[in-house]
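Engineer: Top line first, the protein sequences correspond to chains A and B.
Letter 442 of the first sequence, counting from 1, is numbered 442 in the numbering used here, and no numbers are missing.
Counting the second sequence from 1 gives a position; the numbering used here is that position plus 1000.
These aren't lab readings, by the way, just hints derived from the structure by calculation.
Every residue, glycine too, gets a C-beta built ideally from N, C-alpha and C.
Just to be clear, a hint being listed does not mean it is correct.
[What the hints assert, rightly or not] Label pairs and their calculated CB-CB ranges: (1) A:Arg79 - B:Ser1027: 21 to 29 Å; (2) A:Ala266 - B:Thr1135: 41 to 49 Å; (3) B:Ser1102 - A:Glu97: 50 to 58 Å.
[What the hints assert, rightly or not] Cβ-to-Cβ under 8 Å is the rule here; a few derived chain A residues that face chain B: (4) Glu289; (5) Glu290; (6) Leu342; (7) Arg346.
[Stated by the list, open to error] Reference listing, derived: stretches of chain B covered by chain A, where coverage requires no fewer than 3 residues with Cβ under 8 Å from a Cβ of chain A: (8) 1066-1072; (9) 1118-1131.
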Amino acid sequence: MNRPWKLSAFVVAGFVATTLSITSVSAEEEAEDTEQDVEETEEDSEEADEDSDEDSEDESEARLFAIPDAEEDLLTLPRLIPDRFTYDSGVNIEYPEDGVRGIFSTAHSAGGQKFSELVDFVDSTDLNAMVIDVKDDDGFITFETDSEDERVQENSRDVITDVEGMMDTLEESQIYPIARVVVFKDTILGKQEPELSFTEGGNVWTNPGGSAFVNPFSEEVWEYNVEVARQAAEAGFKEIQFDYVRFPEGFGSRDDSLNYTEGKYADSDMDRYEKRIAAVTDFVEYAREELREYGVKVSVDIFGVAAMYDEPNIGQSFAAISENVDVISSMPYPSHWGEGSLPGIRYPDLEPYNVMDYYSQVENEVLEELDNPPVSRPWLQDFTASYLPDGQWTSYDAPEIEAQIKALYDNNIYEFLLWNAGNNYTPGVDYKLGLDIEIAGAELMEDDEEMPEEDSEDESDEDDSEDE
Amino acid sequence: MDFEEDLANDSEGALLEGTGKVASNLSDREEILQSLDSIHSQINQELNTIGQAIEHVDAEELPNDIEEFSVGLSDYGAELSQFIDEYRHNLSAQSEYFETLSSEEADFADITDGIENVNETHRAMNAHWYELEDTLISMQEILANFEMPTPQEEGE
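Sequences and hints are given; from them, build the entire structure.
Structural biologist: And the structure:
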């Protein structure tokens, strides 16, 4: 009597479906699935059984084991690294449980007499965070660091003379410290090393405001800025907020006349716009990875309009940047929108609630599409845009600030930052609007706050400029 | 992700005491190795059967390439055994790595270096397994139509 020898006899029942991957479903779950499949098959018609058998046979012939792609990593670095593995600056300030509500401080304010005033202001309100310039709009690093990087050493200024003392004060009040690092707007470095910048006729190009930019295609520039961020983390900052993560405004209309390198992107098949977006996005990704061992969060400031459509001329894609940060801070200041640029809103500065409400809805839609959406923490306007034409601006006082905040809360956004270039913040603002906000469980507003009445006659002489 | 979750729950013994999903996965893969051990044992049994057939059955009644196949199956068994040993060694190393992360001295570099090692080994082992699996599938196809009398029946 002859018997057929089939090696399939070697394959142990249930073995085929098991996986060798940590990141895949467990063998137990697979086994349950297999059992369920078997039961379903038994209940099916004979024809279906045959189909199922054929499918199963085909699959079995293709692969005996359900293991992932040979090139696929078994482990990836977790997005959240427990503190005990990361750098310990010795500064113990926790992320605010109910979300960050912060103000901006220049280095001069933080290093001067104004600092105690700002700390008192935060302490006396429902605010809990402070964004402090570590690399300012000119490119200066605002305190002396221990960095061995020659560029960092050369461009550091002793503006914040006692960083440790500043951190002690912030720690005592548990004010969450965020380091603002202006990245590609860098007049100092650009003029020191024109090859890292954009030149025109042999000179470093500057914008109408006299500011030079360094080149986002340059990985040397990336490394320099990340080194600055490292120094901030070592000083005790808990978050690095990158600003001016983009090409100069209007770059699209002058890029042909400027000299600059495209670095590693030069030979790419991408078009010029895609290259810019790739460079800016890659910088953010690079920075985040490099900073992971410091345990700091990474955030980026971005134009509000970028949430509505990509800004290829300056290399900003809201979605792409958002995928690579912990926090995204857009700047949808009501005063920055043009007349009639938002649906149903003629003069945006006069309608802080409606502007922020509309913007929040747009941003939420974009973020909902992402696999790992960051926390949204928009900048709010705490300044009066009196430079706008008369009749198109209003004084920004407590009602206007609260209107913006209410719009955020109405759209389930519970973090925000207040921008005032002179660091003079409006007193008497109810930042929580009387709500007990839980960032995770976000209680919705119980009572509608009365909308502030717009008062175009209440003008102010204050003429704030802002970061962007 | 399981690894992230276990790192976060390390204080509850997820990594050191093996109560987490990573440990569960290691256990699952040990079970796979035990199944591979079983396959290896069956290959040895079949080799023994083939050896007896060659010894006791008239050569004309055996497939022409029986001896060649026997050598190939033997080589395959040896290679599979080596793979199992190597994989088991790596599994043990991975287990030690995860336990190391429970140490108070463990730092960020330990995490990243370990991940790099695990992934490098994993890619190499996966590539090796695909080769073994392809061979296994080829043998299965050959044996699907490979028939011969059993030695016992021939003896009767």
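Engineer: With reference to the structure, classify each hint as holding or not holding.
Structural biologist: Each hint, compared with the structure:
no.	hint	in the structure
1	A:Arg79 - B:Ser1027: 21 to 29 Å	holds, 25 Å
2	A:Ala266 - B:Thr1135: 41 to 49 Å	holds, 45 Å
3	B:Ser1102 - A:Glu97: 50 to 58 Å	violated, 27 Å
4	Glu289	violated, 10 Å
5	Glu290	violated, 12 Å
6	Leu342	violated, 39 Å
7	Arg346	violated, 48 Å
8	1066-1072	violated (count 0)
9	1118-1131	holds (count 8)
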